[in-house]
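S.K.: Residue numbers (this note's numbering), protein chains in the order written: chain A, 1 to 167; chain B, 1 to 103.
Simulated from the structure, these hints should not be mistaken for laboratory data. C-beta atoms are modelled at their ideal positions from N, C-alpha and C, and glycine is treated no differently. Treat the hints with care, since some could be wrong.
[Claimed, not checked] Taking lysine-lysine pairs in the DSS-like style, the calculated list, with each CA pair at most 25 Å apart, reads: (1) A/K162 with B/K3; (2) A/K147 with A/K162; (3) A/K147 with B/K3; (4) A/K131 with A/K147; (5) B/K3 with A/K131.
[To be verified] What the simulated footprint calls covered on chain B by chain A, stretch by stretch (three residues with Cβ under 8 Å from a Cβ of chain A suffice, anywhere in the stretch; the number is not a length): (6) 1-7; (7) 14-22.
[What the hints assert, rightly or not] If you want the ones that stay clear, here's a sample from chain B, every Cβ over 12 Å from chain A, calculated: (8) V73; (9) R86; (10) R101.
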Amino acid sequence: MEFEQIWQRFYAPMVVFCRGFRGVQQSGLLEPEDLAQEVLLKVFNHIESYDPNYSMTTWVYRIARNHCIDVLQRAAVVHGGPLRGDEPGREIGPELAAERNEQEELIDRYLAGLPETDRQIAFFRFSEDLKLREIARIMHMPSGTVKYRLHRIRAGLQNGLKEAGYA
Amino acid sequence: MRKADRVLREYFRNEVERAAMDGRTGKPTVAEHTDRAVVWWSELLCYAALAAIVLLPHVVKLPPPQLAEKSSVVYRQYVQQPSVFREQAQAYINSLEQWFREE
Chain A
1 MEFEQIWQRF
11 YAPMVVFCRG
21 FRGVQQSGLL
31 EPEDLAQEVL
41 LKVFNHIESY
51 DPNYSMTTWV
61 YRIARNHCID
71 VLQRAAVVHG
81 GPLRGDEPGR
91 EIGPELAAER
101 NEQEELIDRY
111 LAGLPETDRQ
121 IAFFRFSEDL
131 KLREIARIMH
141 MPSGTVKYRL
151 HRIRAGLQNG
161 LKEAGYA
Chain B
1 MRKADRVLRE
11 YFRNEVERAA
21 MDGRTGKPTV
31 AEHTDRAVVW
41 WSELLCYAAL
51 AAIVLLPHVV
61 KLPPPQLAEK
71 SSVVYRQYVQ
81 QPSVFREQAQ
91 AYINSLEQWF
101 REE
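Isolated chain A, as found in the complex (with noise of 0.2 Å):
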């Protein structure tokens, strides 16, 4: 696969996946974009040791987590604070903000008070339309988890929903 294509396939998606991780927003220090350009690169350079039998987007994914958290736990040694973790807190950009409607806005919120691993469950069921397994592959916890965790998310934005007159 050229990098062109991988580039075209994920670039975008990657930027909002590590958009996700508390830590990049937090630390001011890491670019999602930076990340996501990173982690390409890594899907690039590893391409011989892909797997045909397994879904591509799943393999990508799992290296882009594995590497978002490397990043972040050396991060943090260097910054002295935890960047990342399963506590909620994500916070958009001033710019980011400006951009979105009410409804998104919402989201924006309800998902910036999830835990970091609702959010990338969100996420890969979302946006990427993954199957629980695929999901759980990618997590590294059992599809029931996932399950359950994917449940409660959609639970708790029908009900932010329904308070806010949307649905």
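Position chain B relative to chain A; hints supplied.
M.R.: Just chain B now, with coordinates in the frame of chain A:
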């Protein structure tokens, strides 16, 4: 919960579209990345060239140094005294022919 599913899909689709629009200017060119095949062929060519330099004198028998020296003398004479060049060149060719016969 269909509404939640729908808005989440729409939300992520918009996010990805925005990232794609922002990313069009910042895309690295393929030239920045090292193609493995190119690296492999470059290394092969380097080793082949090195092997050729080392092995060539053993494979191709070159004239002895005194003949090589003579060739430069002949060339100098051609430049300085073109009239005697033919005679000198013939002598040089003869000596080369003799060398090849002996070899």
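S.K.: Each hint should be assessed against the structure and marked as holding or not.
M.R.: Hint check results:
1. At roughly 10 Å between alpha-carbon atoms, A/K162 and B/K3 fall within 25 Å of each other, so this suggested pair holds.
2. A hinted pair counts as satisfied when its Cα atoms are at most 25 Å apart, and A/K147 with A/K162 qualifies at roughly 22 Å.
3. Distance hint between A/K147 and B/K3 is fulfilled; the C-alpha atoms sit about 18 Å from each other, no more than 25 Å.
4. Between A/K131 and A/K147, the direct Cα distance comes to roughly 10 Å. Compliance with the 25 Å bound is thereby established for this hinted pair.
5. Distance hint between B/K3 and A/K131 is fulfilled; the C-alpha atoms sit about 19 Å from each other, no more than 25 Å.
6. Counting residues of the segment 1-7 of chain B whose C-beta sits closer than 8 Å to any C-beta of chain A gives 5, which meets the bar of three, so the coverage hint holds.
7. Counting residues of the segment 14-22 of chain B whose C-beta sits closer than 8 Å to any C-beta of chain A gives 8, which meets the bar of three, so the coverage hint holds.
8. Annotated as non-interface, B/V73 keeps its C-beta farther than 12 Å from every C-beta of chain A; the closest such distance is 58 Å.
9. Chain A leaves B/R86 outside its interface by the beta-carbon criterion, the shortest separation being 62 Å against a cut-off of 12 Å.
10. Listed as a non-interface residue, B/R101 keeps its Cβ farther than 12 Å from every Cβ of chain A; the least gap is roughly 57 Å.
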